[in-house]
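S.K.: Sequence:
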Amino acid sequence: MFVQKAAKKLDIDLFLAKELEKAGYLGVDVQKTPLGTHITIYAERPGLVIGRHGMTVRELAEKLEKQFGLERPQIGVVSVPVPELNAKIMAMRVASALERGVHFRRAAFVALNRIMEAGALGAEVIIRGKLRTERARYEKLRAGLLLKAGQISEEYLDEAVAHAFLKQGKVGVKVRIMLPQAKEAIKLLDRGEIVQPPSGEGQVAQSGHPEG
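For the sequence shown, position 28 (counting from the first letter as 1) is numbered 28 according to the numbering used here, and the numbering increases by one without interruption.
What the hints contain is simulated information worked out from the structure, not anything from laboratory work. Honestly, I wouldn't trust all of these hints.
What the hints assert, rightly or not - Here are the simulated BS3-like pairs of lysine-lysine, each with C-alpha atoms no more than 25 Å apart in a straight line:
1. LYS167 x LYS32
2. LYS140 x LYS167
3. LYS22 x LYS66
4. LYS187 x LYS148
5. LYS8 x LYS22
Hey, can you work out the whole structure from these sequences and the hints?
M.R.: Right, here's the structure in full:
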């Protein structure tokens, strides 16, 4: 079951990478819900995913339904200007690497390096599950400054979880990133000034079959 699910996820990812190359496709998250299949596409240029009047994203939903048998696909598009500073993207990249057979320590180390090179103040990658043996393992790699409590962590710590579906079972990947904006926030806090949260990123479009 896990192998089949991983294979289908990989096929969808490869399909979208080809279809949305010009849009700067970064990754996809697929979740089955009682209302259908919720698909979140991450891209550098979301406008090219959506298309004029939403035509491109509607056509994409139809293709995903026909080619992969996804029930009532609902597509959301998320803009990601700097992928390496997005915890969800990096967690999905580590999970994808594990499914391709990359050693878990190497996958985590590469992700951690790229996050720090992008300007993060700190980062952490945690991998939990059955990796190479029957026993569940817990691996954690960390670099830089990572605040896990307080106002600054609430506003400037990006955290996300993704899952890899391996032959031996499901493996969880958690990524935490202390965003570069936290540096200025720490200075302001030291001076007793108000700390303003960063501008958030979110879904900019949704398309698919109407509910009901």
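S.K.: Look at each hint and say if it fits the structure.
M.R.: Against the structure, the hints:
Distance hint between LYS167 and LYS32 is fulfilled; the C-alpha atoms sit about 21 Å from each other, no more than 25 Å. Restraint check for LYS140 and LYS167: the C-alpha separation of about 22 Å stays at or below 25 Å, so the hint holds. Under the criterion of a C-alpha separation no larger than 25 Å, the hint pairing LYS22 with LYS66 is consistent with the structure, at around 23 Å. Restraint check for LYS187 and LYS148: satisfied, since their Cα atoms lie roughly 18 Å apart, inside the 25 Å limit.
Of the supplied pair hints, the one linking LYS8 and LYS22 holds, its CA atoms being roughly 23 Å apart against a limit of 25 Å.
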